[in-house]
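**Q** Sequence:
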Amino acid sequence: GGITMVNIGVGPSNAKTITDHIAVLRPHAWVMLGHCAGLRNTQALGDYVLAHAYVREDHVLDDDLPVWVPIPPLAEIQVALQEAVAEVTGLSGYDLKRIMRTGTVATIDNRNWELRDQRGP
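Numbering (our numbering), first residue to last: 2 to 122.
Each hint should be verified, as a subset may be incorrect.
Unchecked claim - Label-pair distances were calculated between CB atoms; the ranges are:
no., residue 1, residue 2, range
1, Val86, Ala54, 15 to 23 angstroms
2, Ile4, Ile100, 21 to 29 angstroms
3, Asp96, Trp69, 35 to 43 angstroms
4, Thr5, Asp118, 36 to 44 angstroms
5, Ser93, Arg27, 34 to 42 angstroms
6, Asp118, Ile78, 17 to 25 angstroms
7, Arg99, Met33, 37 to 45 angstroms
8, Pro71, Asp48, 21 to 29 angstroms
9, Lys17, His53, 29 to 37 angstroms
10, Val80, Leu26, 37 to 45 angstroms
11, Asp118, Gly91, 20 to 28 angstroms
Source of the hints: derived by calculation from the structure; they are not laboratory data.
The beta carbon of each residue, even a glycine, is placed where N, CA and C say it ideally should be.
Whenever a hint applies, use it, and build me the whole structure from the sequences.
**A** Structure representation (structure tokens):
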């Protein structure tokens, strides 16, 4: 038993690669913490994003899991992570929400997306 932490770097491809390697070890569970590159103007570096849904435009899992198959969050994990952030930071209510966002996260395979013209879809 024990806890192993792996820094996967950035990107869904790295996440899938390390997931494939960890899965053969048959752990009881694991939590993937990633890097969020796109921030809202209300967020700051270091804010925590807790995704409860994903828009998968990265095509990393398409061969293994079709895009029409949802990847649902586990409510117990969501609650536990939010409580852990509150405990560690000592924040609650609005102050906690200022540094911790929940919502849908979009993943994309174009690493230069932020350089695109943002005026249209």
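**Q** Each hint needs a verdict: does it hold in this structure or not?
**A** Right, here's what the structure says about each hint:
Taking the beta carbon of each, Val86 and Ala54 are about 19 angstroms apart, inside 15 to 23 angstroms as hinted. The given range of 21 to 29 angstroms is respected by Ile4 and Ile100, whose C-beta atoms sit roughly 24 angstroms from each other. Separated by about 39 angstroms at the C-beta atoms, Asp96 and Trp69 satisfy the suggested range of 35 to 43 angstroms. In this structure, Thr5 and Asp118 meet the distance hint of 36 to 44 angstroms, their C-beta atoms being roughly 42 angstroms apart.
About 37 angstroms separates the C-beta atoms of Ser93 and Arg27, a value consistent with the hinted range of 34 to 42 angstroms. Between Asp118 and Ile78 the beta carbon distance is about 37 angstroms. The supplied range of 17 to 25 angstroms is therefore violated. At roughly 24 angstroms, the beta-carbon separation of Arg99 and Met33 lies outside the given 37 to 45 angstroms, and the hint is violated. About 26 angstroms separates the C-beta atoms of Pro71 and Asp48, a value consistent with the hinted range of 21 to 29 angstroms.
Between Lys17 and His53, the C-beta spacing of about 20 angstroms breaks the proposed range 29 to 37 angstroms. Separated by about 26 angstroms at the C-beta atoms, Val80 and Leu26 break the suggested range of 37 to 45 angstroms. Separation of Asp118 from Gly91 is about 42 angstroms and departs from the stated range, judged on CB atoms against 20 to 28 angstroms.
Hints 6, 7, 9, 10 and 11, counting from the list given before, are not met by this structure.
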